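Single-letter residue listing:
2 protein chains.
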Amino acid sequence: MPAWSCGVRPTTISPSVTASHTRPFRVGLLGHGTVGGAFERLLEERADAIAGVVGRRPEICGVLTRSRGDFGEILERSDLVVELIGGTDPALEYALRCLRSGKHLVTANKQLLSRHGEELFEAAGESGAQLRYEAAVAGVVPAIRVIGESLAGAHIERVHGIVNGTTNFILTAMERTGASYEEALSEAQALGYAEADPTEDVTGKDAAAKMAILARLAFGTPVHLDEVPCEGIESITAEDIAYAKELGLSLKLIGSAERRADGLSVQVYPAFLYGGHPLAAVNGSFNAVTIESPAITEITLSGPGAGGSQTASAVLGDVVSAMIPPSYNPPPAEPQPLVSDVESAFYLHVEVADRPGVLAQVAEILGLQGVSIKSVVQKGIGEDARLAMVMHAVLESRFRAAVDLIERLDFVRAPPRVIHVIEEVFE
Amino acid sequence: MPAWSCGVRPTTISPSVTASHTRPFRVGLLGHGTVGGAFERLLEERADAIAGVVGRRPEICGVLTRSRGDFGEILERSDLVVELIGGTDPALEYALRCLRSGKHLVTANKQLLSRHGEELFEAAGESGAQLRYEAAVAGVVPAIRVIGESLAGAHIERVHGIVNGTTNFILTAMERTGASYEEALSEAQALGYAEADPTEDVTGKDAAAKMAILARLAFGTPVHLDEVPCEGIESITAEDIAYAKELGLSLKLIGSAERRADGLSVQVYPAFLYGGHPLAAVNGSFNAVTIESPAITEITLSGPGAGGSQTASAVLGDVVSAMIPPSYNPPPAEPQPLVSDVESAFYLHVEVADRPGVLAQVAEILGLQGVSIKSVVQKGIGEDARLAMVMHAVLESRFRAAVDLIERLDFVRAPPRVIHVIEEVFE
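Same order as they appear, the protein sequences are chains A and B.
The opening position of the first sequence corresponds to residue 1 in the numbering used here, with each subsequent residue numbered one higher.
The opening position of the second sequence corresponds to residue 1 in the numbering used here, with each subsequent residue numbered one higher.
With the rest of the complex left out, here is chain A (with noise of 0.2 Å):
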């Protein structure tokens, strides 16, 4: 663990620490497909930062796809090996080249985990090589980092996760349309969260793999996806999701890995949750995590689930952490100037004498201030009315001028309150 990863992390580079006089981190790449291109890329822009927060910097130093390259010699050249083929074949005789030669993996691979893990493990721990697989289970989610690693002195009781983004879709969308299943899928299908053959997604397989390998590291037991029982969606229907709404229930395709009086307990199911759990606000194709130990009650983790760039994200996160030494001087902070002024959505109430034209003369003011109005209610009281608006987002100082002006106006009757909105993150 290194000193300063927690102390600093500057993402801003500070010339006399780019490194460029130390050996560079060689990365050698298995497998070009989408992940693995946007890995390359992603790799490509962040070096520079990444050599600035760990003194060295990273760089493909060779790319192995079906049609190019030689494993024997990027891993040869490589301090780190990144897998991104997929499959077990021939990913398991790589995997294990690499981690018996003392190089340190990064893989995404859950089959790979799920059916071979303790042979990996083994070798890892044979040749001191690191052997990471963030990226391997829920996406972006740092489940296992946060499990294996914040939680590494904690008794964990329970393991429940959304760890399949084309279920999730599906089901939220049964649930907000009232769609069948079948109608679920090809919208998931026709926008891109559902695969043409969806059937190690929707039978609940591939998120078996993901909670073989979370309860592997919960629970520092074996487990083989073959032993994960596991039941997927396909039989789902829109009454049963309608009849569950009138219980305050919302459905979900669980991965469940706890422990029992008598050995643990891992599997996959669709289940219903009752409105309060923190899984069950968890829609679209997002995955989360929630972990359970009496010392802590529950940390939730949610995030995108597997896209391209979430996956490479991920797995630059282990290369990054693998790269770190156990210990080094970080570079001092950049400075960076604060700002105070920026632009927010904003509420705005007022009470006003209940007369025409006074909305028409609020609206007239914060227009002349470039505030536009994205919604209002207005409501009279006696004599009065009150004026409830948000605003679309604006520099707060020209909102401020606005609401200045219009705290003067005559028929205002107190002082107008303001409050920031937050918008949505994806609108």
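If you are wondering where the hints come from, they were derived from the structure by calculation, not from laboratory data.
This one's a predicted model, so the numbers in the text were calculated from it and none came from an experiment.
Treat each hint with caution, since some may be false.
Any copy, or any two copies together, can satisfy a pair, since identical chains are not distinguished.
[As the list claims (entries may be wrong)] The list that follows gives simulated cross-link-like pairs (lysine-lysine, DSS-like), each with its CA atoms no further than 25 Å apart:
1. Lys374 to Lys245
2. Lys379 to Lys245
3. Lys374 to Lys103
4. Lys379 to Lys205
5. Lys103 to Lys379
6. Lys205 to Lys374
7. Lys103 to Lys205
Please arrange chain B on chain A, whose structure you already have, making use of the hints.
For chain B alone, coordinates are given in the frame of chain A:
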């Protein structure tokens, strides 16, 4: 970074690695209030399991309180110091002496970090000691580790957080019950979610300190607490919240740190969030942090705000990370039996002929198998009726046995449908 932290996290101890022959890892503890006491208990409880993971057994080698212990002697004896005194005097002096002597420091002290971070980072950098402070921000939510490590290679654009549990409890209560600020504050005080003097929390000062720490880490720029403008929740009215509800908005005290064209903006203010925002569903005393970066879109981390055992757990996670040598041979995983017949709540949907006594017979069969009904929806459709029920938790085999019997009833028109139900974590 340990070779194995991500691969092997046994919580069961293998006798070969309890490492009774290796020297214990000595932890000096400064401060013995609620968190200090909880940390000491947790460490003792988990010491053997941690020895199984990292090969050394942690133990408390000295405790400093106002009335007992000598800092110099404790420092001398310690491999790592845990600082839980709070405030800056004498915590700053102790922290600097610790780091300058090359001993690792784990602290939960947001004042120390947000006022004197640069001095501390410099001292740690010079000696190569580790400075870890997960517990200083957002309770058990692992924001520091995820920003500092998982996203070490990412370009972070924005960090939004609900980092004060007291204010979130108050705002949630106002939203749910229509209470005034004063009423909700009294309730929070009565339930132990707010201090007798709630100033630090309700003015946003506490959140500002945490945002200064997060901004420093996310953007690599020094941010002092005094540079973070903050607005509290004292003047929020029940009316604001009621109007906003009509506009689809919910109110949170938001800490915001983001890149702007001309520098950084770090602020704390109450803000309305649209329903789709990942922080909108974070209620009660929970904390949450959303991190946005182009490559990942966003990650949201949520969990209980600071309580004694939660903070202690975050401190212990840091201690374990600091203990782990750069590379070590992990113990093999311990096999545990995988069980598949476990307790669960269930949803049951049955199509029946609409005639008297049907529900009674179904309920009787369930009762004979020990299955207890939590809620029922019954609807007539023509000559048929549909029963949709949710059961309390029961061993799956018993529930399935009941369903088999129900299926054989002559008035049942179609195979019953069964789906798992996951109960709320806190009911």
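Against the structure, the hints come out as follows:
no. : hint             : result
1   : Lys374 to Lys245 : between (31 Å within a copy, 15 Å between copies)
2   : Lys379 to Lys245 : between (32 Å within a copy, 14 Å between copies)
3   : Lys374 to Lys103 : neither (56 Å within a copy, 55 Å between copies)
4   : Lys379 to Lys205 : neither (54 Å within a copy, 35 Å between copies)
5   : Lys103 to Lys379 : neither (69 Å within a copy, 64 Å between copies)
6   : Lys205 to Lys374 : neither (45 Å within a copy, 31 Å between copies)
7   : Lys103 to Lys205 : neither (31 Å within a copy, 47 Å between copies)
Of the hints listed earlier, those the structure fails to meet are numbers 3, 4, 5, 6, 7, in rising order.
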